[in-house]
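Take a look at the letters that make up each chain.
Protein chains: 4
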Amino acid sequence: MTTSHRRVRLGMVGGGQGAFIGAVHRIASRIDDRYELTAGALSSDAARAAASAAELGIAPDRSYASYEDMARAEAAREDGIEAVAIVTPNHMHAGPAIAFLEAGINVICDKPLAATEDQAQAIADAVKSSSAKFILTHNYTGYPLIRQARQMVAEGKLGKLRIVQAEYAQDWLTEVIEGTGNKQADWRTDPARSGGGGAIGDIGTHAYNLLGFVTGLKTAALSADLQSFGEGRKVDDNAHILLRFEGGARGMVWASQVAPGNENGLRLRIYGDKGGIEWGQENPNVMTYAPFGQPKQLLTRGGAGLGGGGSDWTRIPPGHPEGYLEGFATLYKDAADLIQGTGDGALLPGIEAGLDGMWFINACIASSAKDGAWVAR
Amino acid sequence: MTTSHRRVRLGMVGGGQGAFIGAVHRIASRIDDRYELTAGALSSDAARAAASAAELGIAPDRSYASYEDMARAEAAREDGIEAVAIVTPNHMHAGPAIAFLEAGINVICDKPLAATEDQAQAIADAVKSSSAKFILTHNYTGYPLIRQARQMVAEGKLGKLRIVQAEYAQDWLTEVIEGTGNKQADWRTDPARSGGGGAIGDIGTHAYNLLGFVTGLKTAALSADLQSFGEGRKVDDNAHILLRFEGGARGMVWASQVAPGNENGLRLRIYGDKGGIEWGQENPNVMTYAPFGQPKQLLTRGGAGLGGGGSDWTRIPPGHPEGYLEGFATLYKDAADLIQGTGDGALLPGIEAGLDGMWFINACIASSAKDGAWVAR
Amino acid sequence: MTTSHRRVRLGMVGGGQGAFIGAVHRIASRIDDRYELTAGALSSDAARAAASAAELGIAPDRSYASYEDMARAEAAREDGIEAVAIVTPNHMHAGPAIAFLEAGINVICDKPLAATEDQAQAIADAVKSSSAKFILTHNYTGYPLIRQARQMVAEGKLGKLRIVQAEYAQDWLTEVIEGTGNKQADWRTDPARSGGGGAIGDIGTHAYNLLGFVTGLKTAALSADLQSFGEGRKVDDNAHILLRFEGGARGMVWASQVAPGNENGLRLRIYGDKGGIEWGQENPNVMTYAPFGQPKQLLTRGGAGLGGGGSDWTRIPPGHPEGYLEGFATLYKDAADLIQGTGDGALLPGIEAGLDGMWFINACIASSAKDGAWVAR
Amino acid sequence: MTTSHRRVRLGMVGGGQGAFIGAVHRIASRIDDRYELTAGALSSDAARAAASAAELGIAPDRSYASYEDMARAEAAREDGIEAVAIVTPNHMHAGPAIAFLEAGINVICDKPLAATEDQAQAIADAVKSSSAKFILTHNYTGYPLIRQARQMVAEGKLGKLRIVQAEYAQDWLTEVIEGTGNKQADWRTDPARSGGGGAIGDIGTHAYNLLGFVTGLKTAALSADLQSFGEGRKVDDNAHILLRFEGGARGMVWASQVAPGNENGLRLRIYGDKGGIEWGQENPNVMTYAPFGQPKQLLTRGGAGLGGGGSDWTRIPPGHPEGYLEGFATLYKDAADLIQGTGDGALLPGIEAGLDGMWFINACIASSAKDGAWVAR
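Protein chains in written order, with my numbering: chain A, 254 to 630; chain B, 254 to 630; chain C, 254 to 630; chain D, 254 to 630.
The hints are all genuine.
No copy labels: a pair is met if it fits in one copy or bridges any two.
Keeping only pairs whose Cα atoms sit at most 25 Å apart, straight-line, the calculated DSS-like set for lysine-lysine is:
#, residue 1, residue 2
1, Lys471, Lys623
2, Lys413, Lys487
3, Lys527, Lys436
4, Lys487, Lys527
5, Lys381, Lys471
6, Lys386, Lys471
Just so you know, the hints here were simulated from the structure itself, not pulled from any lab data. Remember, predicted model here, so these are calculated numbers, not experimental data.
Model the full structure from these sequences, guided by the hints.
Next up, the structure:
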């Protein structure tokens, strides 16, 4: 029997010329051919919005000067978009997310959820009231071996969990480059646009989300010591965090944007009373698994002995590396299945993950302000 | 100024349901949004061709029962395809390649060039007579650090080249799985379909092409010792090859499909009188560079100190791994630029690389048959 | 001119049959041929002491039933020992250390300094009053690349230090093996013999010592969260520690003996505003050095471009791996030079390092008891 | 019961001031405390011999001006040496080896066996006639994981062997440093002292010996392509070699001293129809083992799941790295057991390994001279 091909009609808010994460979302949406980019409010600058739309092959009448216009117009069209990707800076998530949710259009939103708790709560309320889906692109959960790890933990391969070591280290803010024309540095270190968090919001939330995704552990409390090493920097650029989980497991999180030699060093190590696993994002196709008392194993994406765990989330044979874009694409693929009713999206991060991330950011700031006092979840 | 977006109209020969490399070509063509898949002769089985086309969103009237029909019809259309991807087994390259070249349609052909020298020569003749372009997807040349390495060699960073060590090791044919329902194993070990070469044609040519791409060395002669370890196997599954280059450099090539623990172990090491570089495909975002007498350097794709060399061929920041599909996509991107006149395709493998690869396969077979006698280029 | 060879006469307290660290000290003392083992009080069990001495080639009249006898007798001999190695469990360091110091015999003592602060202070007083030297075998400071790292920090290669990440992970106590006949597990988890600390005393002090040795940073305060995951275990087997240093740098220390897959995972990462270095004990012959904005370098022990820094502390050419025993031996070599007046022992850990380690252990316990409150140095 | 300690009385020929390998032999002999260095003919220069002896604590009357004197005198003493280490350049092995064998004194000789086949045969004749033992220090066979690998092959863990990939790459002769005051470079590139082989004799024999030790395969024939890249160099500095083994397995050997970035890169990879192993000397405490169809395992020296295989040949717990000197020491330890009758020396390389190595060197030279013609064993 033949399945006729139907792509999800996708719109985008933000992501115009010069943006970084917008381009990533677009590539991710194309890899598995499940979307067509149909509409956009790509920039708050009308000329740039139009130019960007033209470059991307969006019809002029589907290029909007504002997300409000876009939500209204697209909801009214027979052939309107079915989903929208929101790829604006953090403080600009809530507005469009709520507008599209209210218009009944599915939302795929970049992380973290928002800049403030109020914004986050407003999105959560809109999700609750809407029939549309809400997906938060904690893209690292799309790596096949991360999903493999999650499955192994759930199957008890590690036994009762004891220790989680998560870290996300970069070096691009080692020097103070905000204010020198670097747009990414500008908004990510501006509390008004990023929210109060710097490294903890930009990358710490990824590490925090990922450890929760893999382990299933619920945080009980955290203690944080945040620093701003860059002179005059207004947000944290390095964070040392201790975690306590329900059930007794403990963790450490290190997030830094000032650690020379680290490009995008997201690493996760998890230990239970029966085994341990270790994984790093920069070479994501390999994970070590140490069953206690036996030789350590090198698990590879889709490789020998994986018991099928990796096979649904990977496109090419083992040894042919998949990377960041493919992991991201898996979220888009799952989202397409969810939207088109061919999948349940069970592994997709959503509003709960978003609220948990917001709690994390705010708890870190609160704890650090109180000299590391434990803040309960 | 605004550039209006225009995609290259792409057709495909082969690559229907159940195929591997066809899907890879399609993803590669989508990643940079430079193509739209418009027509296909996806299978020699008419029903499967139609079903595959429907799944891929190809209009029924652009799904053809044969490549001959397709070349004729598409050449006649105003909105006919501008390029065709040929992703059939090796012995089925020449027919469509020649047909489309004669029709003036650009050809993107999977490697190796053909199954026989006669076929190869016929394609070469057609390329010569045609105004259309011919691109051979030696995809590993699309990895940014491979292009970086080529540039470093050209700039003299390694000095005068002396030694090349290339290898491509896999293990999927360790057991004799041909004849057990594995289509990939079936045609790749069938001399009628693969050409006379097994491992040397399937993967050895990649290693040989890559070392030539990076070093620019011209082969003077080779000596080969081929084996078929799989019982009853009709083609080589392991090959040990010595190379002599013009100018005095020497090389070794090891290609194997029976080396347990190796998934897709393409590795390249090059040494000159001033330095050496080492790179492996399974973690393609890192390369070591050892300037003689100084500490070894870890170069990363797009990373610190690369002098821009990697930047044109990469999409995302260092530390965000790109993989096999992105490398492949870079060939498609370059091909689009070549076809649309926005690039010169200087780095794209073409008919010369194809003929050189055919020489390599046949010289290996001839040398091995003569107990390793040197065969001159 | 010829130098006549003269070895330091060495005695040993503890280290009889079945001991681990005693054998390590003996090998370390032999590697550079600077010592001869001449006397011993190898066990508190007289028969085992005698048997052990015979096996080690110690003359019967130099084998003592107690360290008190040994200190007295050896001090009285013309050819008495010049140094004594104390390799007993922690709670048995103070007695012999003080006895030999008072007898004017140089002391080489295993770490940590003692089981209690009172014992530690008593040793410190004895050191002050004695003309003899006191060396604490924080053996990891003997690795050539660690000394190289220290030198690089001192030279400003990393700029102003900001972040220290130290960890020491093992897995041998994942299951509760104390009480099952494992002597090492028994005393190391018995607060009476180990002091109050488990992992923090046994391995955490090594990590803490090492980070101080390399960075030269002074600790301002720490916050600790200690756990005993092994059921019924009386000491910590996992520790999460935050550090604040004078001058503003911050650090994290993770010490664990329950992390499956980790054998002896002592790792050190240090970042300043100009560069970073990373080193791991399990492959100690390699260290990465990332000057900010330039490619990361792989420094090797004695290797290209090290500027001589590694050459005094290494015996064989680069690429010929030196290991744990050689690093340990370098402390013995430096101690021999100090004792014989051919070196100043400037790099040897002594009583100050010992007291600092005791502070670390006790501060961790105190902080953890107060829910992670910061304890000032 | 008490075992009284008795050390083997050891002499040394060569190894005076400024020598490299002599110092290595001495450290290796001390590590397990089974030898005392008692006599020496340390240099052909009498003054240097005496000075070297004094530095090493050898009594003046046991320091000899020639090995002939030493063999005669020591054989006549009641307390004469029981074994002699020969650490002279290759062309100076035969004389002392024969002299000591004829004197009934056990010989521990550095590799390769000799500079010429005649010398080698003369040593072999002397071994045959003598009651004394002959040990050739192919030291890399002493690495615990190498012995583990040998055992795994013998137990059939890899199945029937198919492919051997061995390499030994260095870079210290990248530039022509012979004739500039570098003693090591001088004699190792002088055919009169090294024998006809350069890299093949100095390091190629190690690789060849090691692959035979681990696999137990018998060589049937080899084909070689030797180069001298250093201008004016009189011996090979790079060698590409193909091997055929009895029973059908095949191999490649690459030996180079002109590969920038390689310090002492001895690597061994072995594949059979059931699995593969890979090991590298620069981090010798880890080996990968890939049972076909299952995840690759990381075996560590003495580590989890090794089934005891590594335990006799290692001194310290897993994770505490042992290195080059410990591997070398294991040969000395086994030799002491053999000499004292407490072991059978079954794993020690001897005269057969020496003759096989000589065949290898000469066959490489002969094959290369005949354009790579196969030379049968």
